[in-house]
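Starting from the given sequences, assemble the full structure and let the hints guide the process.
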Amino acid sequence: LCCECGQFHLLLDNHLYNFQDEVDDELICHICLQPLLQPMDTPCGHTYCFKCLENFMQEYNFCPMDRKKLSFQQCHKSSLLVRNLLDKLIVFCPFKAECQQTMQRCELEAHLQNRCLGFKKYKSELQRKKNSNSKGKEDPPTKVETNTPKDPEVPSGGSSLVAESSAAAVVSLGTAEPGLVNPAFEETEEGESLIQKCNYRTSLVAETNTIEIHREDPEEELGMRIVGGKDTPLGNIVVQEVLRDSVIAADGRIAPGDHILEVNGVNISSVTHCQAVSFLRHPGPVLHLMVLQEKGFSNKTAQQDSTSASNREVIHVTLIKRDRSEPLGIKLIRKTDEAGIFILDLLEGGLAAKNGKLSRNDRVLSINGQDLRQGTPEAAAQIIQTTESRVNFVVLRQSGIQLLDPVEDGSTSNSSSSSSNGGSPVHHRRRLEQNHYRRKSNYQKGYVSHEKTVAIKKEPKESLGITIGGGRDNKNKLPIYVTSVQPIGCLFRDGRIKRGDVLLSINGIDLTHLNYYEAVAALKSNAASHSVVLKALEILSLNSTEPSLDIKEQGFSWSPLWITWLGLPSYLHCCQDIVLSKGNLESWGFSIVGGFEESKGNQPFFIKTIVPGTPAFRDRKLKCGDEIVAVNGVPAIGMSNSELIPMLKEQRNKVTLTVVSWPGSLV
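One point on numbering: in the UniProt record's numbering, the residue at position 257 of the sequence shown is 257, and numbering is uninterrupted.
If you're looking for bench data, these hints aren't it; they were derived computationally from the structure. One thing to keep in mind: the hints can contain errors.
[As the list claims (entries may be wrong)] Below, in silico cross-link-like pairs of lysine to aspartate or glutamate (EDC-like), each with a Cα-Cα straight-line distance of 16 Å or less:
1. 498 with 459
2. 452 with 538
3. 123 with 98
4. 120 with 109
5. 477 with 577
6. 123 with 109
7. 121 with 98
8. 77 with 66
9. 621 with 241
10. 123 with 4
11. 69 with 87
12. 77 with 41
13. 69 with 59
14. 535 with 494
15. 88 with 21
16. 230 with 262
17. 524 with 459
18. 524 with 598
19. 452 with 510
20. 457 with 494
21. 357 with 313
22. 582 with 619
23. 120 with 4
24. 321 with 388
As structure tokens, this is what we get:
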């Protein structure tokens, strides 16, 4: 707990305040979207919090608002008048239960230290717990306060950096993708155990592999389901499920959770979901896949870390582009156990490969004078792309070190200027008892649903002529949808009901809660009448440039793409509770992306990664691509990642995740 603002936040983050009145937009930082703290003015006339701007400028060289070229050294403190206006904003005391006072923001720290009964009560309870813990050192405590000063992991050292930004994610682990959070790898707060193990650093081992898949029938399905794409918060293409007795299952090298980076030499880490499906469904006897596979957590001793620090040399390399758009042919990644950017590969025939001075696993320290020691591949790509001709690299090279943990593909970029340290304090939310958790607005990126009513006159013996799939007895608890419209039947003749439509009712009978066999019986019994009224939901693509996928999908095996389910209204979602349990020294073992961002609005939270050997992996119920709608009954809609992270980390040994699970697209 911060003694200055009285709220929980990371040591390096801005203070958090509960303001009495709505603050004028002119006094708001457009990075964290909170009233300004230590305001800094830019030469182009914009004002940001000192910490927000400092963090942003470590990765970018332009103003977040107008994208004009900018360096932190050009910025200066705001005028005394502006700082005084901000300091005089009225805030509530954060200990509302014991103290209802309001005061100027600049007076809050003194109030907490000298006058607040709630803060005094908190400190006395904390001291009492510390004393009780010190008496029973033989038995490790089952719960330790998250702000215990003894905790060796709290200060902003290397292990804390790893805990916050490494682990199970594959794309954009820094502020370039603020939607990414990482409960899979959290700081352990059992004080004594950490002291005993302080010589170890836990890191996630991941490796890229090229896998060659052979098919006797070039048209045969691979037999796996995929989720993700650049048009979703997941970003990467992730394997959700491998079907039994399929080509992929027989090969045995691809598993759920693997990230597909390339298909037949084509980079698919930055394509839409539909484009990725099209690439993977392309027929051929041989398929070459580059996949990123996580192997679980491993311990690296401090001795190994110190050994790796030897035999280093700093190398300066200059590459000259013929024009601004010429690529260098470099793949950049991030690693889990070291900050910064590393060279994964040099593309054959590319400018860097021809130059011959850069090598795999070189760590990029700077490009054109821009410090990238804490940077991201996106920041490096931005510098390279905006350079006219000369690209000056400074790299650190270690001999004899193999690349073990690539976790970020630099080809995926995100230009969002939001900051992960922004966000309001976590307020208690009302627990909802109903099964459906309504979104404030449907997530319909690329797809929109349209309800329609179809009334048909027909002969009593004439069939509807449709086949259906789904049903609430399905493992994904799907609504009933049309898998085919047969050329014989009244619906084919009418033409308004199409494959992929979700059936809502027939002659007033609700189909949305029925299992498959109940829905078949309801359709057959009502088809015997002279007139049929069907209510259906049609899911329409908003992007006419997406590749058509109907050619490959024929017959009764057809099913909608994963991304189309995301456009369904919330009343058709069927939630399920997944209860995870873990030991005191374990992590939950999953990472999530999504949440509220100012530039994108409300986005769902998706499971991005499940780490082998962790509670989430062992439970087998949680899948990549699942949407988290609540944590312990508290709805997640409207939360930012900076609000949901503490909720997940507060759960010490047990957590209930309410999720909606949609089947991935079959390839």
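- Would the pair residue 77 and residue 66 pass a check requiring their Cα atoms to be no farther apart than 16 Å? 20 Å, violated
- Task: Would you mind confirming whether the straight-line C-alpha gap from residue 69 to residue 59 stays at or under 16 Å?
- Result: 13 Å, holds
- Message: So if I understand the rule, the pair passes when the alpha-carbon distance is 16 Å or less; does residue 524 with residue 459 pass?
- Response: Within the cut-off at roughly 14 Å; holds.
- Sort out whether residue 241 lies within 16 Å of residue 621, counting only the CA atoms. Measuring from Cα to Cα gives roughly 12 Å; hence the hint holds.
- Query: Given the proposed pairing of residue 321 with residue 388, does the C-alpha separation stay at or below 16 Å?
  - Reply: 7 Å, holds
- Do the alpha carbons of residue 120 and residue 4 lie within 16 Å of each other, as the hint requires? It holds: about 14 Å lies between the C-alpha atoms, which stays within 16 Å.
- Given the proposed pairing of residue 123 with residue 109, does the C-alpha separation stay at or below 16 Å? Holds, because 15 Å separates the two Cα atoms, which is no more than 16 Å.
- Would you mind confirming whether the straight-line C-alpha gap from residue 77 to residue 41 stays at or under 16 Å? Within the cut-off at roughly 6 Å; holds.
- Query: Quick one, are residue 88 and residue 21 close enough, alpha carbons at most 16 Å?
  - Reply: 12 Å, holds
- Message: Can you confirm whether the C-alpha distance between residue 457 and residue 494 stays at or below 16 Å?
- Response: It holds: about 10 Å lies between the C-alpha atoms, which stays within 16 Å.
- Is the Cα-Cα distance between residue 477 and residue 577 16 Å or less? 13 Å, holds
- Message: For a C-alpha distance cap of 16 Å, please report whether residue 230 and residue 262 respect it.
- Response: Satisfied, since the Cα-Cα distance of roughly 14 Å is no more than 16 Å.
Figure legend: structure checked against the earlier numbered hints; hints not met, in rising order: 1, 8, 11 and 18.
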